[in-house]
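Could you slot chain B onto chain A? The hints should help.
Chains as they are written, first to last, in our numbering: chain A, 1 to 332; chain B, 1 to 332.
I should point out that these hints are in silico values taken from the structure, not numbers from a laboratory. Just so we're clear, the structure is a prediction, and the values are computed from it rather than from any experiment. One or more hints might be untrue.
[What the hints assert, rightly or not] Listed next, the in silico EDC-like pairs over lysine to aspartate or glutamate satisfying Cα-Cα at most 16 Å (straight line): (1) Lys-280/A - Glu-28/A; (2) Lys-237/B - Glu-278/A; (3) Lys-200/B - Glu-183/B; (4) Lys-237/A - Glu-183/B; (5) Lys-267/A - Glu-278/B; (6) Lys-182/A - Glu-201/A; (7) Lys-267/B - Asp-118/A; (8) Lys-200/A - Asp-226/A.
[What the hints assert, rightly or not] A few chain B residues that don't get close to chain A, going by computed Cβ distances all over 12 Å: (9) Ala-15; (10) Leu-32; (11) Val-59; (12) Lys-112; (13) Gly-192; (14) Ser-228; (15) Arg-241; (16) Gly-273; (17) Ser-284; (18) Arg-302; (19) Ile-305.
Just so you know, even glycine gets a beta-carbon here, dropped at the ideal spot from N, CA and C.
There are 2 protein chains.
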Amino acid sequence: MSLTAKKWILTKQFAGVPKLENFKLEEEAVSLALKPGEIAIEALYVSVDPYMRIFPLNVGDTLFGDQIGRVKVSNNADFPEGTLVLSFLGWRTLTVLSNPEAPAVFGPLVRKLPDFGDLPPSLALGCVGMPGLTAYFGLLERGEAKAGDVVLVSAAAGAVGSVVGQIAKIKGCTVIGSAGSKEKCDWLKELGFDHVFNYKETAVDEALKQFAPGGIDLYFDNVAGDFSFAVLQNHMKVRGRVVCCGAISEYNTDNTGRSIYLSVIGKMLELRGMSMVEYKNRYSEGMSPLLQWVKEGKLKHRETITEGIERAPEAFISLFRGANTGKIVVKI
Amino acid sequence: MSLTAKKWILTKQFAGVPKLENFKLEEEAVSLALKPGEIAIEALYVSVDPYMRIFPLNVGDTLFGDQIGRVKVSNNADFPEGTLVLSFLGWRTLTVLSNPEAPAVFGPLVRKLPDFGDLPPSLALGCVGMPGLTAYFGLLERGEAKAGDVVLVSAAAGAVGSVVGQIAKIKGCTVIGSAGSKEKCDWLKELGFDHVFNYKETAVDEALKQFAPGGIDLYFDNVAGDFSFAVLQNHMKVRGRVVCCGAISEYNTDNTGRSIYLSVIGKMLELRGMSMVEYKNRYSEGMSPLLQWVKEGKLKHRETITEGIERAPEAFISLFRGANTGKIVVKI
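Only chain A is shown next, with the shape it has when bound in the complex (with noise of 0.2 Å):
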């Protein structure tokens, strides 16, 4: 028996924002005679993060990144078929795999899920996944936020950003966001900040100055730019930690930008770069708070569904007009 598969593929390489020229549709027939040791994996959920603007890939590639998946046919008994996968299968809805344990970019290709009682899967691509994981990891190790910090979060409304604000909440700190509309600052209320400020219409330096008066502790930075730039001249404490995890403001660009040296060296500060790949070893360590704190209702969460693979590429390109509170996922 064989099925027909789509795919997306990357036709040419990004230069500027995405665009729909980048990325192709393709099909392919896989059969689901499986050989010893194989499972077929049907996409349920496939995920599109800022990252994937910047990672290397080649052109004829299949688009990369988190899935959640179901094992619809299984020649393997570690994988029975109906287990719930997260995958980095990326942009297909139809997988077969010999070696579900191989080494991908973030740990195995193919990990089971935890067990989500009620909750939905897809949020194994968001809050109790990689954007979950990253701001886990990212503020609590790479941050070291302790209660008393005076924690700013840039994209405070994304899918990293809405999390560290809230665990930052759970630790005892007291938490800025920033986002890009009135409805994201509202809904920053609603998840417990401190303070939120919509930086389109009011200056970051306005803000602070209001916010922070005496100065930012630990600044969780997913956007970088001018924005950064801002708080990193006039608005850190001395020894104030940066956790660098996004520049989402930098990814379209050359990657040209303003010098941070002076702010840097002038008050001690500390930039930690942050990436999941060091922490892919410690998934379950992190999901399971995780996952706890969504059951207990003190993590929340939204997501932005998109339906069908066909629309993936959209998704993507939304993610650089700030089009999405929460987590982007694409429903297959």
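Coordinates of chain B only, in the frame set by chain A:
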């Protein structure tokens, strides 16, 4: 009895490279009829350092900075006549003080020098003073240098860099240094640097491809700018550490540069700002091993001596041409 003191004052704020017109030499009468507790300090050497370019100073202020002096007249039992002192009195020849241990930027305004034996006390402006201490604490505490690290030092023939490289060798690191002339590079080889290159003749990418094909563990950065951008983007190991100690290439600019966020994120770098302000209460802890290493011949130094308080601005300005090898001091 009264004597004439000479002092340099700032006549207008710096814009771009400092010029002679930013400074004016003034004279003032200093009475040596001291009140109880007062001391009169006669300058022996005054220091010029790059950081003075970016420190806030008002028009009319006396140029600040480290000074080695001798107590000429004393009415204070703690500082008897003849005591050699390291002070923050700057570019002036004679100073009367009522409270020598008042707090200044880098700790007490006046410190007694430890016993230098036969060594010249001017070393307390260089490899056993603030630049040496910056190297010591910056490399070992902020940079956490350890045996086996591949360490890159920019401006390696400067007052800080030349000490960084030698301490790194003492600690068992492999050390690469960059400098701007053949003469400087030759000196670095004499000091025991494993690899040196003249960045004006060999591009940093080319040099580091040859000398550090496996990447840099620890970059002790004194220059910032394009040089450092290339190091961060192309030559750091994952989880590499960067001690941001100086940014001499940016001090005379309007502080624009290139963005380093993508490298910080992609390689999970840690950038750590370094300023001696943080270590102001730990001078003696650092001066002891530095002095010991000098006495044992393990820590070598060069001084560029300019004679006469009248030439202090000229000596300062020469820093930004890269004219110095080792430490520049002005002998009074």
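Status of each hint after checking the structure:
1. Lys-280/A - Glu-28/A: Violated: Lys-280/A and Glu-28/A sit about 31 Å apart, past 16 Å.
2. Lys-237/B - Glu-278/A: With a Cα-Cα distance of about 13 Å, the restraint between Lys-237/B and Glu-278/A holds, given a limit of 16 Å.
3. Lys-200/B - Glu-183/B: Roughly 13 Å separates the two Cα atoms, so the pair holds.
4. Lys-237/A - Glu-183/B: violated (41 Å)
5. Lys-267/A - Glu-278/B: holds (10 Å)
6. Lys-182/A - Glu-201/A: holds (9 Å)
7. Lys-267/B - Asp-118/A: violated (38 Å)
8. Lys-200/A - Asp-226/A: holds (13 Å)
9. Ala-15: At roughly 16 Å from the nearest Cβ of chain A, Ala-15/B sits farther out than 12 Å, so the non-interface label holds.
10. Leu-32: Nearest chain A Cβ is 39 Å from Leu-32/B, so the label holds.
11. Val-59: Val-59/B clear of chain A: closest Cβ-Cβ about 21 Å, beyond 12 Å.
12. Lys-112: Check passes; 27 Å lies beyond 12 Å.
13. Gly-192: holds (27 Å)
14. Ser-228: violated (7 Å)
15. Arg-241: violated (10 Å)
16. Gly-273: violated (4 Å)
17. Ser-284: Ser-284/B clear of chain A: closest Cβ-Cβ about 21 Å, beyond 12 Å.
18. Arg-302: holds (25 Å)
19. Ile-305: Consistent with the label, Ile-305/B stays out of reach of chain A, its closest Cβ about 28 Å off (over 12 Å).
In summary, the numbered hints that this structure violates are 1, 4, 7, 14, 15 and 16.
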